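Which chain is which? The protein sequence lines are Z and X, in order.
Following the working numbering, the numbering of the first sequence begins with 1 at its first residue and continues without gaps.
Following the working numbering, the numbering of the second sequence begins with 1 at its first residue and continues without gaps.
Since the hints were made in silico from the structure, they are not lab data.
Here are some, though not all, of the chain Z residues that point toward chain X, as calculated from beta-carbon distances under 7 Å: (1) Thr-133; (2) Leu-138; (3) Ala-139; (4) Glu-170.
Below, a list of computed lysine to any residue pairs in the SDA-like style, where the Cα atoms sit at most 20 Å apart: (5) Z:Lys-175 x X:Ser-430; (6) Z:Lys-77 x X:Thr-186; (7) X:Lys-232 x Z:Glu-75; (8) X:Lys-257 x Z:Arg-161; (9) X:Lys-247 x X:Gln-206; (10) X:Lys-232 x Z:Leu-193; (11) Z:Lys-77 x X:Asn-210; (12) X:Lys-257 x Z:Glu-160.
These numbers were taken from a predicted model, which means no experiment stands behind them.
Backbone N, C-alpha and C define an ideal beta-carbon position, used for all residues, glycine too.
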Amino acid sequence: MTQFKMSCYLFAGALFLAAGCAPSTTSRPDTSITPGAPATGAGGSKSGSVGEGQRGATKESNTGPTASSLDQLREGKSSATAPTSPLKDVYFDYDRYDLRGDARETLRVNADWLKSNPAARVEIEGHCDDRGTNEYNLALGAKRAQSAKDYLATLGISAERLSTISYGAEIPVCKDQSEGCWRQNRRARFVVLPARPAS
Amino acid sequence: MSRHLTAIFLLMFVLHGGSWAQTKGDDGSATQRGEIVGQGGTKFPIAVAALRNLGGGADNSRLSDGIADAIVHDLELSGWFKVIDRAMHIEHPQKSGITLGGFDFKDWSTVGAEGLVKGGFAVQGDDVTVELRLFDVFQSKERIGKRYTDPIRQYRRIAHKFADEIINQFTGIPGIFNTRIAYVSTSGGRFKEIFVSHLDGSEKFQVTKNRTINLSPSWTSDGKSVIYTSYKDRSPNLYHFELYSGKEAKWAARNGKYLSGKLSPDGQHVAATLEVGGNTNLVLLDRNGNPIRQLTSDPGIEVSPSWSPDSKQLVFVSDRAGSPQLYVFELASGKSRRLTYSGNYNTAPEWSPRGDRIAYTGRVGSRFAIFTISAEGGEPRKLTSEAADSEDPTWSPDGRFIAFSSNRAGRRHLYVMQSSGDNQRRLTGSDGDDTKPSWSPRLE
Numbered sequence: 001m002t003q004f005k006m007s008c009y010l011f012a013g014a015l016f017l018a019a020g021c022a023p024s025t026t027s028r029p030d031t032s033i034t035p036g037a038p039a040t041g042a043g044g045s046k047s048g049s050v051g052e053g054q055r056g057a058t059k060e061s062n063t064g065p066t067a068s069s070l071d072q073l074r075e076g077k078s079s080a081t082a083p084t085s086p087l088k089d090v091y092f093d094y095d096r097y098d099l100r101g102d103a104r105e106t107l108r109v110n111a112d113w114l115k116s117n118p119a120a121r122v123e124i125e126g127h128c129d130d131r132g133t134n135e136y137n138l139a140l141g142a143k144r145a146q147s148a149k150d151y152l153a154t155l156g157i158s159a160e161r162l163s164t165i166s167y168g169a170e171i172p173v174c175k176d177q178s179e180g181c182w183r184q185n186r187r188a189r190f191v192v193l194p195a196r197p198a199s
Numbered sequence: 001m002s003r004h005l006t007a008i009f010l011l012m013f014v015l016h017g018g019s020w021a022q023t024k025g026d027d028g029s030a031t032q033r034g035e036i037v038g039q040g041g042t043k044f045p046i047a048v049a050a051l052r053n054l055g056g057g058a059d060n061s062r063l064s065d066g067i068a069d070a071i072v073h074d075l076e077l078s079g080w081f082k083v084i085d086r087a088m089h090i091e092h093p094q095k096s097g098i099t100l101g102g103f104d105f106k107d108w109s110t111v112g113a114e115g116l117v118k119g120g121f122a123v124q125g126d127d128v129t130v131e132l133r134l135f136d137v138f139q140s141k142e143r144i145g146k147r148y149t150d151p152i153r154q155y156r157r158i159a160h161k162f163a164d165e166i167i168n169q170f171t172g173i174p175g176i177f178n179t180r181i182a183y184v185s186t187s188g189g190r191f192k193e194i195f196v197s198h199l200d201g202s203e204k205f206q207v208t209k210n211r212t213i214n215l216s217p218s219w220t221s222d223g224k225s226v227i228y229t230s231y232k233d234r235s236p237n238l239y240h241f242e243l244y245s246g247k248e249a250k251w252a253a254r255n256g257k258y259l260s261g262k263l264s265p266d267g268q269h270v271a272a273t274l275e276v277g278g279n280t281n282l283v284l285l286d287r288n289g290n291p292i293r294q295l296t297s298d299p300g301i302e303v304s305p306s307w308s309p310d311s312k313q314l315v316f317v318s319d320r321a322g323s324p325q326l327y328v329f330e331l332a333s334g335k336s337r338r339l340t341y342s343g344n345y346n347t348a349p350e351w352s353p354r355g356d357r358i359a360y361t362g363r364v365g366s367r368f369a370i371f372t373i374s375a376e377g378g379e380p381r382k383l384t385s386e387a388a389d390s391e392d393p394t395w396s397p398d399g400r401f402i403a404f405s406s407n408r409a410g411r412r413h414l415y416v417m418q419s420s421g422d423n424q425r426r427l428t429g430s431d432g433d434d435t436k437p438s439w440s441p442r443l444e
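Bound-form chain Z, shown alone (with noise of 0.2 Å):
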């Protein structure tokens, strides 16, 4: 909890102080609600990059650290990332790690939140969904992960801010054995880090 206060401070804008610290004590804000994932096929955000800062703001602290999908199996929580979260999820097609239109676009809308908030420092997880093989698919997602990383490179964003690793198939989202529940899987999820204790 004390790690959560202190970066909020140093995180924050302006935009998000307020809001941020306030809600402390209702802990992590992607502890998740519903999986935030794509309904509507596609997936992504479709909302443009306009409304999705202030959204967070409004709501609740999206700007201290969030939880690993590694962190959120261990306390039994969903890896889904909160639908108040910033940063959006970008979906894959089946065994491809090259960026479709729409994750493009939703990189587009995180690369704006990572300008507006320079300090922030984001671990891009690559995820797969469960068919084939543990160790290909361990791969494959960390080729996601990358794919995201290198896209928001070329945005501008320094690569120093971001790391990346891959969790395969090994901690979904969505546990059906069906093509709406795999594509939630196929996902470069963001999840930012702690500050860097002095810097």
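Got chain Z; can you put chain X on it based on the hints?
Okay, now just chain X, sitting in the frame of chain Z:
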């Protein structure tokens, strides 16, 4: 076709030629080449009597039936025997002798047995001494006689060792029942932990308890340690766990994202998958985990190395041609050749300890099935039905069986089959999903 004929010939020769004790000496090489395919009518009828309590303590651990049951389990798993139902047995196991002359072979030929396993046990404290014999009912002869002393709680190991002797008697190669399987299971929670158990699920032992994700277990060639990938320190890395001491250590000496690693059969090197900047490539480490050199340098995905039995080649997965396919890498030349051409998703290869074939997971339509292909290439053989998904094949140390995971009964469980695909049987039935089996070498 010729394989089948050889198999039938062998069975006829072995089982009805009246000289099964000499099979090993006379025909060892032929036996080693042929896979004995048990076909309905040609399975060898054998009876396994409940064991006689020879005195000492009372049979509080149900050893009389327990040891016999474990032998029956193994013989049935092999697919080569038809085991006579114990309810059909005529003689009383606690009243008849267990050595030649102490019982009547007619009691066994009457129920259709051509082979007979009899034995006795004596409990002393926490230990049990077990005598087991294999008899030829037609010839009224003893073929094998063995005595074992072990802790009572490990009585099933005695059964497995004797089952291995029986298989040796019939085929000239010891059986593979005194072995273990390492696998990944979600048993007991949402985490993926590494477990080890005997083929029959006994002596189940939980290797990792770090409440994260642990993957891709494999064995050191001495069968004493398990290597696996773990997220216990957030980022994937290789670990080494010594089963006897319970000591766990990070295997790779340097930091990096190691997705998997396997020790070579000669124990000298580790072939590992290392991710750098989104690219996964094969790297060679020494046995202490120090990097020696990078083996592949492709911008795509290169994963899942598995060693040839002579430790000179690796089969691995690469998507360099646009879809995941198997390739063989030769360490001396640094060259690789493509192995699979059919299908557009071929992964998780494991090289047979015999060296001749490679088993892997291939996609068929929307399902996954186990295939084998010659190490030289050619037409693959599909061994499992695409009515369900079957994945992650691993060879028995004699190369005659393949264990794998399948969701054919709902959750994922482990199964075993002959390397021909015959006699598929379920091994595990835990409350979680059991995946990624790795078959140990033969154990002491």
